[in-house]
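K.L.:
What follows is the residue order along each chain.
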Amino acid sequence: MNGSDAREWMGRFFAAFDREQQTLTDLDRRTGDGDFGANLRSALGRARTALDATETATPGDVFDVVSTAFLNTGGTSGPLFGMWFRNLAKATRAPTVGVADLARGFTDGTSTVQRLGGAKPGDKTMVDAMAPAAEALAAATGGIHEALAAAAAAARSGAEATAELLAKRGRASYVGEVARGVLDPGAVAVALLVEAACG
Amino acid sequence: MNGSDAREWMGRFFAAFDREQQTLTDLDRRTGDGDFGANLRSALGRARTALDATETATPGDVFDVVSTAFLNTGGTSGPLFGMWFRNLAKATRAPTVGVADLARGFTDGTSTVQRLGGAKPGDKTMVDAMAPAAEALAAATGGIHEALAAAAAAARSGAEATAELLAKRGRASYVGEVARGVLDPGAVAVALLVEAACG
Amino acid sequence: MSRRQFLNDPEHVVPEALEGLVLAHPGLLRLNPEPAYVTRAKPATGKVALVSGGGSGHEPLHAGFVGTGMLDAAVPGAVFASPTALQVSAATTAVDTGQGVLQIVKNYTGDVLNFRIAAEIAGDEGAAVEQVLVDDDLASERADGEGPGRRGTAAVVVVEKLCGALAEQGAELPRLARFGREVVGDARSMGIALAAGAHPGERAPAWELADDEVELGVGIHGERGIGRRPYASADELTADLLDRLVAALGLGRGDGVFVVVNSLGATHGLELALVHRAVHRQLAGRGIEVARSLVGPYVTSLDMAGLSITLVRADDTRVALWDAPVRTPALTW
Amino acid sequence: MSRRQFLNDPEHVVPEALEGLVLAHPGLLRLNPEPAYVTRAKPATGKVALVSGGGSGHEPLHAGFVGTGMLDAAVPGAVFASPTALQVSAATTAVDTGQGVLQIVKNYTGDVLNFRIAAEIAGDEGAAVEQVLVDDDLASERADGEGPGRRGTAAVVVVEKLCGALAEQGAELPRLARFGREVVGDARSMGIALAAGAHPGERAPAWELADDEVELGVGIHGERGIGRRPYASADELTADLLDRLVAALGLGRGDGVFVVVNSLGATHGLELALVHRAVHRQLAGRGIEVARSLVGPYVTSLDMAGLSITLVRADDTRVALWDAPVRTPALTW
Ligand SMILES: Nc1ncnc2c1ncn2[C@@H]1O[C@H](COP(=O)(O)OP(=O)(O)O)[C@@H](O)[C@H]1O
Ligand SMILES: Nc1ncnc2c1ncn2[C@@H]1O[C@H](COP(=O)(O)OP(=O)(O)O)[C@@H](O)[C@H]1O
Ligand SMILES: [Mg+2]
Ligand SMILES: [Mg+2]
Ligand SMILES: [Mg+2]
Ligand SMILES: [Mg+2]
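Chains as they are written, first to last, in the working numbering: chain A, 203 to 401; chain B, 203 to 401; chain C, -12 to 320; chain D, -12 to 320.
None of these hints come from the bench; they were simulated from the model. Treat the hints with caution; some may be incorrect.
Just a few of them, taken from the derived set where beta-carbon distance is under 10 Å, the chain B residues facing chain C [unchecked claim]:
hint: 1; residue: Gln316
hint: 2; residue: Gly319
hint: 3; residue: Gly372
We put the beta carbon where it would ideally sit given N, CA and C, even for glycine.
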């Protein structure tokens, strides 16, 4: 994956979010405070504008821009996504990066999010999609496309599984049983992100 | 008039006020803000207590105590009466005082009230009773009893005449024609005061 | 809608608050309980003493401005009622050290009467007393010059600060009085309210406004103003007040002013700050320079939701006096 | 009942107010507009830098406490919302002069998260960063210790003052952080409200109370408290709060405390002063000495009609730090 692949990945992610924004907002309305779609839109809008205005060489350059956009956003998800991308950027400073680099970025990103947010897998948060995606990449043996496809599938099924969980962290923890059966919007957003990597 | 005569005068004034308090309040209710009775009661209550607790020799000592009580009172009438009594006290520092001393005290007191309050005779204020009383004393030729009786009559008719006047000063000036036909409470209080001097 | 306050007996609000204030500033203030007045904890010597006072309910005015570089004594009346003449004369003689006393009096009938009497009494007792009458409230100006004249409002803080600094420099009483009167002549204020306040112990605000109206030209005693105008943005409301103030003072390009953006009680710091921004920008747009500003609650009207804007002509002398050190509960630099 | 505020676009309240604040204190403050933070006009050198911040709506907190003897930078978020991680990290690296940075953070999930991220980022860029988490609000304490922990409220001003003074004396970062955490451990606050405030641009208060009720244990974001209690005299309400605070800190005869009687927004100076009198008398009755007090609006919750009482254990070292000079818009001596 080189710099322009990374750009295209982000472009597909923006487009996927545009399609799913309303769904994500509805999920946060049922499990949190309903601003997840708006928080993400402002972060991604800022990312899109900044990428358009910035020369980037390596994938890391691209992810730095996206990280900054998220870190300039309020809410809980903004700064956590920002730190996830920041770790991904640190692992992808070469002009062309491979599965091992991505795996390291995903893994470091996930552990940073866990450390900062205090959520463990199973707490019904974005971590429930991040962690399986990182594991899938780390375990991948084939080429980058197969690895990313495996990661995307893992993220999606992690996100799907959040429906059954009771939230332990974030606002959803305040509503308890009411959120049972509802997907966690942060985890769904992670699934969209990793799926977008597959082209 | 010696110190104990002055004390008795004040005692009769307190008693007259107790009788007329409600009437005075009603007059202020119709021409001003209705607190004249309460303002005077608090000043005279303080004067009564202070006189009971204070040794006095000359009439001036007595009037000083009353002056202080008035000057410790709010409203417009309190400080004006206080300064009137203060002038009377300055003129009556001898152990026994005569008509000339009283006339000087009344005259100085009236001009101080006029200077401070800016009211002229005919403005429907306490001055309309004070000024004729002072003039009557100044013009008196007989003994102190006749002089005080003449002053009392002059104060009373000055007070009665305020009914016909339109107020130029004080709160009564805000109500205009509505106060026509109503006596000015400050002027009535002056009449009570001077009448009390007659025993 | 009903208001409540933190209080015990409504009759005791003022003495209890005075006690609480002085307990918060033992190094700055002393309370004389009877008659009630507040003086500096460390009395000044060798200077003209400054005394102000008036009704309570305007806190931090006046007791909050007692201290080095400002007042020597403050004399509080009951809520919205003048202190008595003997309170004022007692405070006046207490702080006189032989250089005389400047009394700073807001123009209200009761205050004027009681301070004038107090000045005579203190004069009889040997104090040289001069008075500066503060009458900055543009809303109460009458074209025919009749009536009691403009009310005294937030400009009193500027007068107390500048005269306080000049007194600290050793200026003599006549010069101080002259200077204070010049400052007053160059000061105008105007207030605006979004909601009335309520008297301690009373649960209804003094008056109600329609949702789309604001009260223009309010004073500091809960009185209604000179009229209503439509509610509008802070920038527009500021422009309305500034237009009048600038015209009244005849300010133009190149002039400098002190600005006070004063909370009338319940107005939040965010609101005051953004109104100050509007004042600054609009004056700059007219070529008028803001020399110094005060933004905060200085002369309140109980818990009124409103603010006043004061402009006072500034020059180099006055700016130097403004910048001179001051150390009081409510103003320190 | 509907509230109104002085504002233009509700979205622009915070940047406009920041501009207005800094214009009022050009000698003290500088504004970095993007990302938004406020620093001292004259940066300090050779000392640990202090950075605080959090949601807006609490003015004068935090920008009002930037200056000599207190903060080096304040980072404001939107009303009641954390500043972003990059705002905080930008302010942190801007004021670091090589001695490191102490971040003072009120305990709210968003603030904690963003400050923690900011600390990592600033750390990556070479700044040594330590944090003091302020969690003084007794009402939000849970017996089981679960949940996000006690909220950070008015004790943050005491922490900023004392740490600010210690930093000015040249204390090193680890010692400053340790000291700050000790002060926090000795600090508890509790709030009480007579009426809720309203968000800029919103016309209804966040909640309504019955006429005979007060809200006990309110925070500083317009949340309801932990319960209602009957309206009562200021002395009784004060006793209710003090009982809890004294018990929580285990205070007894011979102990000394700092006291903050803090307006939550619309509470008048008269009310605050008389509550301070009650605090003083009631603590004296328990043999507890009030070493120093602050009485006024320090950490507000928009225009809430309410107040909080903070007690912080005082000792000679802390009193000396309290008394050290401070020069900021909202606290100066
Ligand atoms: N402590 C946490 N750790 C990891 N992820 C979290 C945590 N708290 C919340 N999240 C994620 O953030 C999402 C909500 O984000 P957002 O709406 O921006 O936050 P907020 O709760 O501040 O409104 C949740 O769906 C969840 O995935
Ligand atoms: N300017 C004035 N000069 C002289 N007497 C005045 C003046 N204004 C008011 N008075 C007197 O004061 C009386 C009212 O006194 P009071 O009720 O105590 O005053 P307030 O109007 O302050 O309530 C009036 O009846 C009138 O006699
Ligand atoms: Mg949300
Ligand atoms: Mg949210
Ligand atoms: Mg009356
Ligand atoms: Mg009256």
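K.L.:
Compare the structure with each hint and give your call.
P.N.:
Evaluated hints:
no.	hint	result
1	Gln316	violated (13 Å)
2	Gly319	holds (7 Å)
3	Gly372	holds (9 Å)
The earlier numbered hint that this structure contradicts is number 1, and it is the only one.
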